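Keeping their order, the protein sequence lines are chains A and B. Each residue of the first sequence is one higher than the one before, counting from 1 in the working numbering. Each residue of the second sequence is one higher than the one before, counting from 1001 in the working numbering.
Hints were generated in silico from the structure; no laboratory data involved. The structure presented is a predicted model; accordingly, all values stated were derived computationally and were not measured. Errors might be hidden in some of the hints.
Stated by the list, open to error - Computed beta-carbon distance windows for the label pairs:
1. A:V95 with B:Q1191: 42 to 48 Å
2. A:R115 with B:R1036: 17 to 23 Å
3. A:S233 with B:A1304: 34 to 40 Å
4. A:T168 with B:D1309: 46 to 52 Å
5. A:T247 with B:G1168: 35 to 41 Å
6. A:S129 with B:V1129: 28 to 34 Å
7. B:R1036 with A:G178: 19 to 25 Å
8. B:D1106 with A:P161: 52 to 58 Å
9. B:P1025 with A:R86: 24 to 30 Å
10. B:G1168 with A:E164: 53 to 59 Å
Said to hold, decoys possible - One side only, chain A facing chain B, incomplete, derived with CB under 10 Å:
11. Q110
12. D132
13. V142
As the list claims (entries may be wrong) - Rough simulated footprint, nothing fancy, chain A against chain B, three-plus residues with beta-carbon under 8 Å:
14. 1074-1087
15. 1090-1101
16. 1104-1111
17. 1297-1304
We put the beta carbon where it would ideally sit given N, CA and C, even for glycine.
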Amino acid sequence: MLRHMLVARGIDEEAGQLQKQGAIDLWLSCQGHEAAQVGSALAVGPAPTVFPSYREHAVALLRGVAPDELVAQWAGRTFCGWDPRRLRFFPYTLVLAAQTLHGVGYSIGQRLQGREDFVVVYIGDGATSEGDMSEAMNLAAVEAASVLFICQNNGWAISKPAGEQMHTSVADRARGFGIESVRITGQDPEAVFAVCARAAAHVRERQAPFLVEIQVERIHGHSTSDAQELYRSPDDIERARATDPVTAYAARLSGLGLVDADWFHLVGAEIRDLRERLIKEFAG
Amino acid sequence: MSASRSTSLAVSINATLADLMEQRPEMLLLGEDVGRLGGVFRVTRGLRDRFGADRVRDSLLAESTIVGQAVGMAMSGLVPVCEIQFDGFTYPAVNQLVTQASRIGDRWNGQVRPSLVVRIPTGGGIRGVEHHSESNEALFARVPGISVACPSTGEDADQILRYAVTIGSPVVVYEPIRLYWRRNTPARDPQPARSATAARIVRRGADLTIVTYGAVTNEVLEAAGALATEVDAEVVDLRWVAPLDLETILESVARTGRLLIVHEGSRDVGIGAEIAASVAERGFDLLRGPVRRLAPERRPYPPADFEKDYLIGVEQITAEILGMTK
């Protein structure tokens, strides 16, 4: 898991750099979300089809999207740089929450045709305000669709804090639709993995939807066009950085002696190579 | 004047849907009350009993849910034919149609080609309450990636629906409510359209071309028939407003030299404006006089007591034809 998190961090950092250099047009950082994404994606395994929002870069890479395929749409080359069907990782959807209904409809369609109907829908806290999210939760509930909703709540809908977006948790809201749910923190990928594995088992065994709300921290702005310093206090940004799940997990595994300097060196070399290939592709 | 008693539009669409469902196991129907009730206009009557509740699905009362899940179903290989209950209730589904259904093919680099049909009962003259008599086809005609059909006979609806479920991109089909169960309609030239996407010349004439579509096609034919001894009008039923069959229009205008466009949707920035502009660009020298449009002014559809003032009637069409040809 740590390797996936480090790779995602490295690609994310490089894409941010490339955007600063003008080599790509826009980047939406997933820094701070890595434990939530890697833990959940590994927990559900390769079989389900993933309907992402647009910040699930760690999930994408884990599913086999190549870094240049991931970055291509942010460099104006395409609307989707990878093969969605083969990877069962469907295109990013930029209109908030639109993919939630697609995910439920896809699951129903797959079930009607006697095929694998397990679907994972990723969504952010801001997008849960969209009507489509409420409609999708209700539809999934009444159709008993095999859909696992994973809401990464990073506390901010661009500049609107979660406290001003909702007076309840997303997990509570799911229960209002008759969907079982759980709310967890997203710093420890092992904890996320354990909870999402149970959630996936629920979806499979009960043939019913489930929602996992994962509280994460957004280390950077919503996008590279967003200056979060304008609306977020320096203390809050510093607090988000201090809870960085990647450095925390790396330190923990090092402390346990599960990874050593040689391992970090090898993974570091792999990431450097991936970053260099990105530079060559987009800034070459 | 002659009239034909044919199978009604509703009966014809029901038979076409049943036949398509029989032939294509991947097709399903999805909409509010389309199953147990057979739709508020009974267009899907009996289909749930015949094909089962899995394939004739009573949807939630949420239009975005209908189209949004249909997009997902299309991604799974199904061919959903959705029904929106009334034209005026289409708006909650506009986001899913415009930003999603129309763009999925491009977003997937052609790997998914969603055949997805949305049937929408449309138009007035039925004493409908607010929102139940509208004509918003021009809204979708502007959207690249969405085809928009406006059949005015069962025969045309049959050809259009059979084509729509095969093309791998979304089609919105507007079905005139006031024609669903009407059986006496003015006779039409029997020659079929050149193709499933072509307009159809429903009356041959030499003095004036009238381009129209939807329910008002019948009022145009009545007006043309009433004036037959004075003016020999040609009537083109577009059948599709996006993409437009400009070739048929231009060929007709080349024969007659005059063009009148009649539609029930409001005039400003409407389908008629697009036709007038296109004919001006490509056929200006064919014209012997200015292109004219006859369509309701830009205002909300009124309460039922006032709809006769809003709709384009036979008298107005007759007056316009005479004004253009005298």
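TODO: Please write out, lowest number first, the hints stated earlier that are contradicted by the structure.
DONE: Numbers 2, 3, 5, 8, 10, 17 - these are the hints that the structure violates, sorted from lowest upward.
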